[in-house]
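Chains as they are written, first to last, in my numbering: chain A, 1 to 296; chain B, 1 to 306; chain C, 1 to 546.
Hints are not guaranteed to be accurate.
[Unchecked claim] The calculated DSSO-like cross-link candidates involving lysine-lysine, where the alpha carbons are at most 30 Å apart (straight line), are:
hint	chain 1	residue 1	chain 2	residue 2
1	B	K40	C	K161
2	C	K474	B	K40
3	B	K159	C	K226
4	C	K401	C	K351
5	B	K226	A	K187
6	C	K401	C	K432
7	B	K40	C	K213
8	C	K206	B	K52
9	C	K111	B	K40
10	B	K61	C	K431
11	C	K462	B	K52
12	B	K40	C	K286
13	B	K52	C	K431
14	C	K401	B	K40
15	B	K52	C	K213
16	C	K160	B	K159
17	B	K40	C	K432
18	B	K159	C	K286
19	C	K245	B	K159
20	C	K137	B	K52
21	C	K492	B	K52
22	B	K40	C	K431
Since the hints were derived computationally from the structure, they do not count as laboratory data.
As the structure is a computational prediction, the values presented were derived from the model and not from experiment.
Listed here are the chains, written in short residue letters.
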Amino acid sequence: MKSASLSATLEQAVAGRSPWQDARVRFLRNKAAVVSLALLAIITLACIAGPWLLPNQFDSADWNAMSVPPTFAHWHLFGTDETGRDLFVRCLIGGRVSLMIGALATLTSVTLGIVWGAVAGFIGGRVDNAMMRFVDMMYAIPYLLIAILMVTLLGREFYLVVLTITVFSWMDMARVVRGQTLAIRSKEYVEAARAIGVPTRRIIVRHVVPNLLGIVAIYTTVTVPGVILTESVLSFLGLGVQEPMTSWGVLIQDGVGVMESAPWILLFPAALLSITLYCINFVGDGLRDALDPKDR
Amino acid sequence: MWSYTLRRVLLTLPTLLIVVTVCYLLLHATPGGPFDGERKVSAEVLANLQAKYHLGEPLWKQYLLYLDGLLHGDLGASFRYADWSVNELVLRALPVSLAIGGVSMALAIVIGVLLGVAAALRRNSIADYALMLVSNAGNAFPSFVIGPVLILVFAIALKWLPAGGWDDFDPRYMALPVALLVMINVATVGRVTRASLIEVMNTPYIRTARAKGLAMHTIVLRHALKPTLIPVVSVIGPLAIQSITAAVVTESVFSLPGIGKLIVNGAANRDYTLVLGLVVLVTVVAVLLNLLVDLAYAWLDPKIRY
Amino acid sequence: MKSFAALTPFKRTALAAASMTLAVGALSLPAVAAIVPQGVALAAKQELVRNNGSEVETLDPALVESVGAANLGRDLFEGLTVTNGDGAVTPGVAEKWEQKDPTTWIFHLRKNARWSNGQNVTASDFVYGCQRFIDPKLASPYGNVFGPFLLNGADIVAGKKPASALGVHAIDALTLEVRTAGPVPFLPELMSNPNLGPVHRATVEKYGRDWTKPGNLVSNGPFQLKDWQVNSKLVLAKNPNYWDKEHVQLTQVTYLPVEDENTDVKLFQSGDNDMTYQMPTGTYAKYRQQFPNDTRNSLILGTRYYSFNNRDPLLKDVRVRKALSMVIDRDLLAQRVTADGQTPMYGLMPKGVSGADVSNYEWASWPMDKRVAEAKKLLEQAGVKPGTKLRFAMNTSDYNKKMAIFAASEWKTKLGLATDIESMEFKVLLKKRHDGDYQIARNGWVADYNDATTFLQLVQCKSTQNDNFNCNPKADALIAQASETTDQAKRKQLLTEAAKLVMDDYPLLPLLQYGLPRLVKSYVGGYSLKNPMDHYGSKDLYIVKH
Numbered sequence: 001m002k003s004a005s006l007s008a009t010l011e012q013a014v015a016g017r018s019p020w021q022d023a024r025v026r027f028l029r030n031k032a033a034v035v036s037l038a039l040l041a042i043i044t045l046a047c048i049a050g051p052w053l054l055p056n057q058f059d060s061a062d063w064n065a066m067s068v069p070p071t072f073a074h075w076h077l078f079g080t081d082e083t084g085r086d087l088f089v090r091c092l093i094g095g096r097v098s099l100m101i102g103a104l105a106t107l108t109s110v111t112l113g114i115v116w117g118a119v120a121g122f123i124g125g126r127v128d129n130a131m132m133r134f135v136d137m138m139y140a141i142p143y144l145l146i147a148i149l150m151v152t153l154l155g156r157e158f159y160l161v162v163l164t165i166t167v168f169s170w171m172d173m174a175r176v177v178r179g180q181t182l183a184i185r186s187k188e189y190v191e192a193a194r195a196i197g198v199p200t201r202r203i204i205v206r207h208v209v210p211n212l213l214g215i216v217a218i219y220t221t222v223t224v225p226g227v228i229l230t231e232s233v234l235s236f237l238g239l240g241v242q243e244p245m246t247s248w249g250v251l252i253q254d255g256v257g258v259m260e261s262a263p264w265i266l267l268f269p270a271a272l273l274s275i276t277l278y279c280i281n282f283v284g285d286g287l288r289d290a291l292d293p294k295d296r
Numbered sequence: 001m002w003s004y005t006l007r008r009v010l011l012t013l014p015t016l017l018i019v020v021t022v023c024y025l026l027l028h029a030t031p032g033g034p035f036d037g038e039r040k041v042s043a044e045v046l047a048n049l050q051a052k053y054h055l056g057e058p059l060w061k062q063y064l065l066y067l068d069g070l071l072h073g074d075l076g077a078s079f080r081y082a083d084w085s086v087n088e089l090v091l092r093a094l095p096v097s098l099a100i101g102g103v104s105m106a107l108a109i110v111i112g113v114l115l116g117v118a119a120a121l122r123r124n125s126i127a128d129y130a131l132m133l134v135s136n137a138g139n140a141f142p143s144f145v146i147g148p149v150l151i152l153v154f155a156i157a158l159k160w161l162p163a164g165g166w167d168d169f170d171p172r173y174m175a176l177p178v179a180l181l182v183m184i185n186v187a188t189v190g191r192v193t194r195a196s197l198i199e200v201m202n203t204p205y206i207r208t209a210r211a212k213g214l215a216m217h218t219i220v221l222r223h224a225l226k227p228t229l230i231p232v233v234s235v236i237g238p239l240a241i242q243s244i245t246a247a248v249v250t251e252s253v254f255s256l257p258g259i260g261k262l263i264v265n266g267a268a269n270r271d272y273t274l275v276l277g278l279v280v281l282v283t284v285v286a287v288l289l290n291l292l293v294d295l296a297y298a299w300l301d302p303k304i305r306y
Numbered sequence: 001m002k003s004f005a006a007l008t009p010f011k012r013t014a015l016a017a018a019s020m021t022l023a024v025g026a027l028s029l030p031a032v033a034a035i036v037p038q039g040v041a042l043a044a045k046q047e048l049v050r051n052n053g054s055e056v057e058t059l060d061p062a063l064v065e066s067v068g069a070a071n072l073g074r075d076l077f078e079g080l081t082v083t084n085g086d087g088a089v090t091p092g093v094a095e096k097w098e099q100k101d102p103t104t105w106i107f108h109l110r111k112n113a114r115w116s117n118g119q120n121v122t123a124s125d126f127v128y129g130c131q132r133f134i135d136p137k138l139a140s141p142y143g144n145v146f147g148p149f150l151l152n153g154a155d156i157v158a159g160k161k162p163a164s165a166l167g168v169h170a171i172d173a174l175t176l177e178v179r180t181a182g183p184v185p186f187l188p189e190l191m192s193n194p195n196l197g198p199v200h201r202a203t204v205e206k207y208g209r210d211w212t213k214p215g216n217l218v219s220n221g222p223f224q225l226k227d228w229q230v231n232s233k234l235v236l237a238k239n240p241n242y243w244d245k246e247h248v249q250l251t252q253v254t255y256l257p258v259e260d261e262n263t264d265v266k267l268f269q270s271g272d273n274d275m276t277y278q279m280p281t282g283t284y285a286k287y288r289q290q291f292p293n294d295t296r297n298s299l300i301l302g303t304r305y306y307s308f309n310n311r312d313p314l315l316k317d318v319r320v321r322k323a324l325s326m327v328i329d330r331d332l333l334a335q336r337v338t339a340d341g342q343t344p345m346y347g348l349m350p351k352g353v354s355g356a357d358v359s360n361y362e363w364a365s366w367p368m369d370k371r372v373a374e375a376k377k378l379l380e381q382a383g384v385k386p387g388t389k390l391r392f393a394m395n396t397s398d399y400n401k402k403m404a405i406f407a408a409s410e411w412k413t414k415l416g417l418a419t420d421i422e423s424m425e426f427k428v429l430l431k432k433r434h435d436g437d438y439q440i441a442r443n444g445w446v447a448d449y450n451d452a453t454t455f456l457q458l459v460q461c462k463s464t465q466n467d468n469f470n471c472n473p474k475a476d477a478l479i480a481q482a483s484e485t486t487d488q489a490k491r492k493q494l495l496t497e498a499a500k501l502v503m504d505d506y507p508l509l510p511l512l513q514y515g516l517p518r519l520v521k522s523y524v525g526g527y528s529l530k531n532p533m534d535h536y537g538s539k540d541l542y543i544v545k546h
């Protein structure tokens with residue numbers, strides 16, 4: 001009995017932290033990342049719950065209250081836009097759209113990009129060449145054409161916006177991942193692993209993926225702003241969010257035109273967008289730091 | 001390596017062919033034609049327009065005619081701009097975009113790498129956060145907000161620079177658009193540099209160098225910089241392509257006669273030949289830049305072999 | 001420019017004689033080119049920078065289609081007549097003209113009209129220009145707009161007759177005979193269009209498509225082409241061989257192709273631009289306050305309206321269309337929503353158009369409650385229940401969006417109808433309207449010439465400009481009758497009646513008359529606020545000392 005409890009105690013003392021627990025601790029140490037995550041959570045919550053709690057509707061125009069500066073009257077905390085609609089509610093509704101599109105489009109394009117890039121970089125040779133030449137081709141096709149075509153042939157549903165944005169956003173990730181995979185593949189420990197006959201799948205899971213996480217984390221958070229901004233350009237074309245629905249991109253575009261006469265119409269959505277994007281950046285940096293296997 | 005380069009250059013041709021074909025099909029599948037205007041033309045006039053530009057003939061025939069012209073270096077006549085050939089339009093727009101895009105990329109690389117290195121070396125300190133705040137500004141605000149703000153400050157309030165336009169590579173007209181593109185590109189370059197350097201600094205051989213007692217700047221410059229730049233270079237490729245061929249917002253806000261605006265207007269006008277001509281140009285630029293990036297990989301990491 | 005008193009006696013007499021000749025021959029009396037008012041001091045540097053809204057599609061006057069290209073057409077070329085800043089017809093290359101019979105006009109060209117290369121402008125230049133323009137081989141988009149007014153024009157455009165059959169003949173080097181298909185009372189104004197102007201044959205034959213490039217272009221207007229950098233700028237210099245060059249103040253005009261309205265205004269604010277193309281949506285009130293002396297606004301002959309698809313199952317019933325039209329508060333729309341000086345329209349004809357009177361719907365003067373009650377009744381009778389969805393199509397633009405949101409909210413709050421607003425690219429909208437693939441669509445029309453028939457095209461039975469697919473044969477008959485008559489008063493009465501008849505069918509929903517607010521630096525003189533066609537020729541403008 002004594003030896004059982006002794007070995008149990010010994011085991012406990014030696015029990016290390018799993019890499020994920022390790023990552024969490026490191027992440028929490030990054031103050032900027034933590035604050036950013038909290039802010040993101042607040043903004044997301046506000047966008048989801050806010051419109052239900054506020055008295056103003058996002059699509060009710062009030063022609064007697066056009067372009068009103070921020071005031072406590074009628075809960076117009078952010079003022080109203082040029083058609084008299086409450087800006088606060090519209091910012092939150094717009095946030096729903098931007099965040100959702102941002103999340104979904106990023107998810108799909110990142111997944112596609114990683115798979116494409118890792119396969120190309122790891123297999124190398126002719127396959128790599130062919131796959132990357134395809135990426136080159138994708139860069140060359142003007143996205144405007146594709147966007148218009150997709151709208152007219154397929155329709156205007158939400159998943160189409162996501163699809164259209166994905167089509168233009170996965171190539172950067174593919175290139176970056178492929179470059180990093182190439183570098184990793186030629187590292188000594190990978191060569192060593194192959195020399196001793198470790199199966200390819202194991203190499204990918206144990207060596208390639210962990211070394212990719214950092215750059216993937218970074219580049220994912222680089223993709224999100226691009227995705228959200230691409231969405232506003234698409235709305236401008238007529239694909240994407242249709243009136244009365246809105247997004248941060250659309251709100252900002254409306255605001256730029258009246259920047260000098262009604263600055264709040266630009267300020268609030270732009271502030272929300274930039275805070276969100278800054279936060280995503282810091283969280284991304286934090287994730288990268290946290291997930292780096294060599295960072296002790 | 002030379003054979004690799006040669007192979008890549010030769011591959012440009014089939015790439016071009018496929019891209020041109022895809023765009024050609026896309027253009028013709030899009031609703032609305034180049035001569036759909038508010039004032040409808042008579043049937044006879046339409047017939048003549050079709051005849052003049054071969055639009056009435058079967059698609060495959062038009063396609064072959066276009067390819068034939070392409071082989072002779074003739075990109076065709078613009079549908080919208082009746083007085084100019086596509087060759088003339090493209091050759092006038094290219095230098096502008098190259099100048100603006102090229103200069104801003106060069107500056108963005110230098111500034112971005114400096115900011116990223118400085119931030120990485122002071123990791124998790126206030127200096128790090130501050131440097132990243134500055135660097136990421138270009139990624140947190142849409143370009144169509146930053147541009148007008150730059151104009152408001154420098155052209156209207158301070159009256160130091162013109163509010164837009166182009167005057168034969170006069171640096172005063174290049175300053176603000178370059179500034180906008182630099183801000184946008186520095187954001188990505190800076191962050192990737194920072195992340196990459198942090199990773200590199202933790203590798204065994206850098207640790208060895210530090211243990212040896214080498215000065216930090218020697219370590220960074222002589223040992224850490226090259227591997228750090230690998231992901232950075234991956235990123236520069238697409239950024240450069242974007243800055244040169246797709247700087248639509250910059251060109252609209254500052255009224256520059258560049259390629260990006262020309263493509264977007266061409267697509268909106270269904271100016272098939274103009275768009276295809278620009279697509280050819282963009283493809284060539286994209287392929288060449290990507291080739292440079294891949295060659296740079298090999299230079300930076302001697303173990304990467306093609 | 002010296003004052004009249006300072007001129008030598010000879011010049012004074014010559015000027016006086018010249019103006020008297022003009023008064024005799026021309027059908028109107030106003031001034032030509034930039035007559036600087038007494039006491040106005042001119043700046044030393046007479047150079048203007050103005051924005052044209054986009055890069056022009058061509059400088060070939062026969063192929064001109066856009067507003068910007070027309071501006072350049074009028075600066076570079078001059079037709080038989082010229083419309084001045086107040087919209088009046090004045091002598092151009094022709095110093096006088098008369099109407100021999102209802103369909104024949106004789107124009108007498110002045111002896112000193114020259115091309116920029118010094119050669120004389122002759123009647124055969126006009127014959128060449130007009131025939132070239134009408135010939136379907138050139139495929140000019142305005143061929144079937146102006147062509148049908150001239151004898152055999154319609155047949156030539158349709159390919160049934162050769163271009164040489166056109167009713168434009170040179171009787172001698174300085175006399176031109178123009179024969180029209182029917183009586184065209186506004187023919188002199190029509191001939192002021194660059195499309196119907198002279199073209200220098202030798203240049204076209206020598207250079208082919210490149211004839212419009214700087215260095216090649218030969219023009220006869222107040223300015224000549226100095227430099228053209230596509231998408232960057234287009235520079236004109238004063239034409240030293242222009243017959244009226246004494247009255248042209250500007251020595252250089254630079255046209256910018258800036259499309260982004262905000263950029264346009266920024267360039268204006270920084271001093272790089274003297275005259276904007278338009279103004280960004282929603283900024284009128286602000287800029288009027290910020291730049292009170294620079295804001296110029298005038299109504300032009302144009303109409304903003306919504307097309308109804310008269311074939312659509314929901315809109316087939318005229319009661320539905322009437323109801324939708326009745327409940328829109330156009331006063332609110334003009335004063336608060338667009339708030340840029342435009343005026344409400346309750347009919348087809350805008351104020352100021354010649355050839356027909358403005359006639360409004362009778363309910364236009366009713367209080368809104370009464371209109372809403374009546375509209376609700378109409379909908380009930382037509383069997384349309386609240387909650388029915390309307391489909392609205394427009395091309396993407398902030399301006400259209402604002403108006404559409406207003407219309408949708410009117411239809412919702414007053415009639416309980418929901419509206420699906422679909423915004424799309426311009427070409428896609430054009431196609432939808434043309435194919436009838438819409439229910440309600442945003443539309444607009446600016447006059448091609450100052451006569452009621454340009455607006456009647458929008459509602460005539462087989463007209464290619466009719467996007468509404470409506471047809472009122474009685475109205476068409478009246479219009480046909482009017483085109484035969486030479487009695488101006490009768491013609492006006494017939495056209496007014498035709499317009500009223502058609503509009504009682506509610507084929508479309510008239511909203512506002514176009515106003516074109518611009519920012520024009522206060523030191524730019526000669527900008528008339530009475531210009532119905534928005535034709536601001538650079539020869540009328542000058543720079544005041546500032």
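Evaluated hints:
| no. | hint | result |
| --- | --- | --- |
| 1 | B:K40 <-> C:K161 | 21 Å, holds |
| 2 | C:K474 <-> B:K40 | 25 Å, holds |
| 3 | B:K159 <-> C:K226 | 29 Å, holds |
| 4 | C:K401 <-> C:K351 | 26 Å, holds |
| 5 | B:K226 <-> A:K187 | 15 Å, holds |
| 6 | C:K401 <-> C:K432 | 18 Å, holds |
| 7 | B:K40 <-> C:K213 | 28 Å, holds |
| 8 | C:K206 <-> B:K52 | 20 Å, holds |
| 9 | C:K111 <-> B:K40 | 39 Å, violated |
| 10 | B:K61 <-> C:K431 | 25 Å, holds |
| 11 | C:K462 <-> B:K52 | 27 Å, holds |
| 12 | B:K40 <-> C:K286 | 38 Å, violated |
| 13 | B:K52 <-> C:K431 | 22 Å, holds |
| 14 | C:K401 <-> B:K40 | 25 Å, holds |
| 15 | B:K52 <-> C:K213 | 21 Å, holds |
| 16 | C:K160 <-> B:K159 | 61 Å, violated |
| 17 | B:K40 <-> C:K432 | 13 Å, holds |
| 18 | B:K159 <-> C:K286 | 22 Å, holds |
| 19 | C:K245 <-> B:K159 | 36 Å, violated |
| 20 | C:K137 <-> B:K52 | 8 Å, holds |
| 21 | C:K492 <-> B:K52 | 42 Å, violated |
| 22 | B:K40 <-> C:K431 | 11 Å, holds |
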